[in-house]
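Peer 1: If you read the protein sequences in the order shown, they are chains A and B.
Just so we're aligned: the first sequence equals residues 1 to 510 in the working numbering.
Just so we're aligned: the second sequence equals residues 511 to 789 in the working numbering.
Just so you know, these hints were derived from the structure itself, not from any lab.
Idealized CB from N, CA, C, for every residue including glycine.
Among the hints, a few may not be true.
Some but not every residue of chain B turned toward chain A, in silico, with C-beta under 10 angstroms [unchecked claim]: (1) Ala594; (2) Asp691; (3) Gly693; (4) His698.
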Amino acid sequence: MTNEKMTKTLSDEKIIQIENLTRRFEDGVVAVDDISFYVRKGEFVTFLGPSGCGKTTTLRMIAGFDKPTSGRILLNGEDISYLPPNKRPINTVFQRYALFPHLNVYDNIAFGLKLKKVKVTYRDKDGNEIEKVEKLKKWEITAKVQKALKMVDLEGFEKRSVSTLSGGQQQRVAIARAIVNEPKILLLDEPLGALDLKMRKDMQLELKEMHKKLGITFIYVTHDQEEALTMSDTIVVMKDGVIQQIGTPTDIYNEPKNSFVADFIGESNIFSGTIVGKKKVRFINHNFDCVDDFAVNEKVDVVVRPEDIVLVDKGQGQVDGKIISSIFKGVHYEMVMLVGKTEIVIQDTVERKVGEEVSLKIQPNDIHIMEKEFSSNKYDGYITKRNTVCFGDGEFECDVTQLYPNSILDEEGYLITEEGDRIDLTDVDVEVEVGLKDIEISDDADKGGAIGNIVSMIYKGDHYQLIVRTDENEEDFVFDTEDTWNENDRVSVIIPKEKIKLKIKQEIKR
Amino acid sequence: MTEKDFIQEKAMRNNKFRLSFSRKQLCLPYGVFLALFVVLPLLLIVFYSFTDKDGGFSFNNFIRFFSSATTLTTVIISVLIALATTIICILLAYPVAYILARSNLNRGGTLLLLFIMPMWINFVLRAMAMKDLLTIIGVFGFNNYVNVIIGMVYDYLPFMVLPLYTVLSKMDKSYVEASKDLGANAFHTFTKATLPLSMSGIASGVTMVFMPTMTCYVISDTFGNGLITIIGKLIDEQFTTFQNWNLGSAMAMVLLVIMLVSMWVTGAFKSEDTRGNNL
Numbered sequence: 001m002t003n004e005k006m007t008k009t010l011s012d013e014k015i016i017q018i019e020n021l022t023r024r025f026e027d028g029v030v031a032v033d034d035i036s037f038y039v040r041k042g043e044f045v046t047f048l049g050p051s052g053c054g055k056t057t058t059l060r061m062i063a064g065f066d067k068p069t070s071g072r073i074l075l076n077g078e079d080i081s082y083l084p085p086n087k088r089p090i091n092t093v094f095q096r097y098a099l100f101p102h103l104n105v106y107d108n109i110a111f112g113l114k115l116k117k118v119k120v121t122y123r124d125k126d127g128n129e130i131e132k133v134e135k136l137k138k139w140e141i142t143a144k145v146q147k148a149l150k151m152v153d154l155e156g157f158e159k160r161s162v163s164t165l166s167g168g169q170q171q172r173v174a175i176a177r178a179i180v181n182e183p184k185i186l187l188l189d190e191p192l193g194a195l196d197l198k199m200r201k202d203m204q205l206e207l208k209e210m211h212k213k214l215g216i217t218f219i220y221v222t223h224d225q226e227e228a229l230t231m232s233d234t235i236v237v238m239k240d241g242v243i244q245q246i247g248t249p250t251d252i253y254n255e256p257k258n259s260f261v262a263d264f265i266g267e268s269n270i271f272s273g274t275i276v277g278k279k280k281v282r283f284i285n286h287n288f289d290c291v292d293d294f295a296v297n298e299k300v301d302v303v304v305r306p307e308d309i310v311l312v313d314k315g316q317g318q319v320d321g322k323i324i325s326s327i328f329k330g331v332h333y334e335m336v337m338l339v340g341k342t343e344i345v346i347q348d349t350v351e352r353k354v355g356e357e358v359s360l361k362i363q364p365n366d367i368h369i370m371e372k373e374f375s376s377n378k379y380d381g382y383i384t385k386r387n388t389v390c391f392g393d394g395e396f397e398c399d400v401t402q403l404y405p406n407s408i409l410d411e412e413g414y415l416i417t418e419e420g421d422r423i424d425l426t427d428v429d430v431e432v433e434v435g436l437k438d439i440e441i442s443d444d445a446d447k448g449g450a451i452g453n454i455v456s457m458i459y460k461g462d463h464y465q466l467i468v469r470t471d472e473n474e475e476d477f478v479f480d481t482e483d484t485w486n487e488n489d490r491v492s493v494i495i496p497k498e499k500i501k502l503k504i505k506q507e508i509k510r
Numbered sequence: 511m512t513e514k515d516f517i518q519e520k521a522m523r524n525n526k527f528r529l530s531f532s533r534k535q536l537c538l539p540y541g542v543f544l545a546l547f548v549v550l551p552l553l554l555i556v557f558y559s560f561t562d563k564d565g566g567f568s569f570n571n572f573i574r575f576f577s578s579a580t581t582l583t584t585v586i587i588s589v590l591i592a593l594a595t596t597i598i599c600i601l602l603a604y605p606v607a608y609i610l611a612r613s614n615l616n617r618g619g620t621l622l623l624l625f626i627m628p629m630w631i632n633f634v635l636r637a638m639a640m641k642d643l644l645t646i647i648g649v650f651g652f653n654n655y656v657n658v659i660i661g662m663v664y665d666y667l668p669f670m671v672l673p674l675y676t677v678l679s680k681m682d683k684s685y686v687e688a689s690k691d692l693g694a695n696a697f698h699t700f701t702k703a704t705l706p707l708s709m710s711g712i713a714s715g716v717t718m719v720f721m722p723t724m725t726c727y728v729i730s731d732t733f734g735n736g737l738i739t740i741i742g743k744l745i746d747e748q749f750t751t752f753q754n755w756n757l758g759s760a761m762a763m764v765l766l767v768i769m770l771v772s773m774w775v776t777g778a779f780k781s782e783d784t785r786g787n788n789l
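Between the sequences and the hints, there should be enough to build the whole structure, so can you do that?
Peer 2: Below, the structure written as structure tokens:
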């Protein structure tokens, strides 16, 4: 598979160019945030990301169902951003197929052909050429529909009603309905989502085969990383409306740009590490040799794939630990090894028994190091009886009304929602987010909500980035400050009430 | 049987009685109602229509009905008025339902409420008020048939809006997108996708407008200045003015057949998987 991809040459002709594309919905949500990329002619491109990452919105803008707030979409160099969908040489396979229930299989597939108009040249009596625009002839439509049905292996299904077809067959009709129009680009919006696993795997290969045969550009949307790795020439990984990485499946898997990509594509162990020397990184209390060059003392994310860790007998490897779980997965065993407080997932064909003391080895080129992306502090917390929030080994004043839009607190401390429901928030689990600029510290231990020691102080050009670590659970508060402190100072952490962002983990039962 | 056995059996019987009080039994009151006030009267109509004044079996009522030019004209007029009303209702209600279902105008259903609210006001009162209003603005009076149709449309429009609104608002938007994606412009998308997909709503609406308008003689009396007779009025006259229950019943039977036929025709559209989407 890999070899085939390596040798396959793609033309450099860019069929789609996306320039600074942004889509902001009426409610202010930014679904797609200033993305730019291009798609080459004949390429199989996959947008991959969790739900709500903006991949479907991007696809809908290419199809023409959604209009960009700003930015441009170019098709063969022509701006099509505001062209209606029926004017674009692009066809879509919809997520739930959207086959017309009032039409049979033949009429569904012929839908586009019956509307199509082509230029036909005639020769009149005097031998002059006359150009006429007319509809396709009936026999032409029939021939095309039959060809498309053959392509998707559904010969003889013409007269069947679409409601009598199975999910897989409906899927095939949807594909036939799109490709019969010979589009320049075929868009596929999670087309295999509704199929069972076995069928999905078969269809993946068939789609890949079809892509090769037809030679048209495929743009595919999925949240299934395996699907993306199997089928694509290029994968575009998206998160929160922003492109995280663009690359071949091999690149994305082996050289993830950040911890999100590493985590989303395949299983991975992600550690917080520190660069301790030239091509040396420290994590799980050991200095490992690595191949990436970063500045000394830089905080980094270290990604190691479970299959890249080798288990050896105790004392023979780099780090010792203990097996705490082992599950047979068919081809391999998935084991969890405990090193200090860190759990490490390992895949190996040789089983190690639970409780066995072992040692691990990691090769330098299996250690992938990426810059730590740190934009805010995130904690798991809960609301107390007094409507304060506990997180990071401390208790802080907060505004609980942000949990429900337009809600208020009554005198007894219950939350009244917009709909008038009365909610007791005590012990509700919340996700807490605090920005890097929203934390202050003080020498006075009683002033703040949590107490800890300054464990790190890095000068970042015009300010310091400090890390205060608490004693009990070693929770870190990372923040920027212009004041100078000393490492190991004991301080209390102060966060203004309005700067604590809360999100409910799950809906409360009322 | 010992005393112990007796008590046990009694307890079991009590228990059994309580358990067997099932959902089926809850239908009993309605069943009685149905038998007394729907099935029995229907049987009576059938009986009266096939008998003469002395109670002997005869086809005379039907022969009289079909041989009288007056009654046949009335039937044709009734059907034509109902047909015109239904078509006008579809033409008026479809755009309204479409806009209500598709745009943001109808947030919270307020606008829809405005359209169906007239249904909550007594329709005799409504008809009288409408007549007065039309007279004031001067539209009323130039043709009795037009007057009756105006009155019928006014009265039955909500019954067409509601099922159409239900079908259109439930329709998956991806059908419209698929149609545009396949090259259809706005007009073709409507004629080839939206309209055929909303046929079940139209069928429901037709059932709820066409049939009642054939018999609703309150409106034909009010708006037709007493000069327009529809089949409902004819039946009423047989029962009240002429005291000929047998002929009246026969007319009701003919009407029933017309309705069954029209239901069968509209039902053909509903037989697809969209059944149940309507009211």
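Peer 1: Could you run down the list of hints and mark each one as holding or not?
Peer 2: Going down the list of hints, with the structure as the test:
1. With its C-beta approaching chain A no nearer than about 27 angstroms, Ala594/B sits outside the 10 angstroms limit, and its interface hint is violated.
2. Checking Asp691/B against chain A by beta carbon gives a least distance of about 5 angstroms; that is within 10 angstroms, so the hint holds.
3. A distance limit of 10 angstroms between C-beta atoms decides the matter here; for Gly693/B the minimum to chain A is near 5 angstroms, and the interface restraint holds.
4. Satisfaction of the interface hint for His698/B is found here, the shortest Cβ-Cβ separation to chain A being roughly 6 angstroms, below the 10 angstroms cut-off.
In this structure, the one hint that does not hold is number 1.
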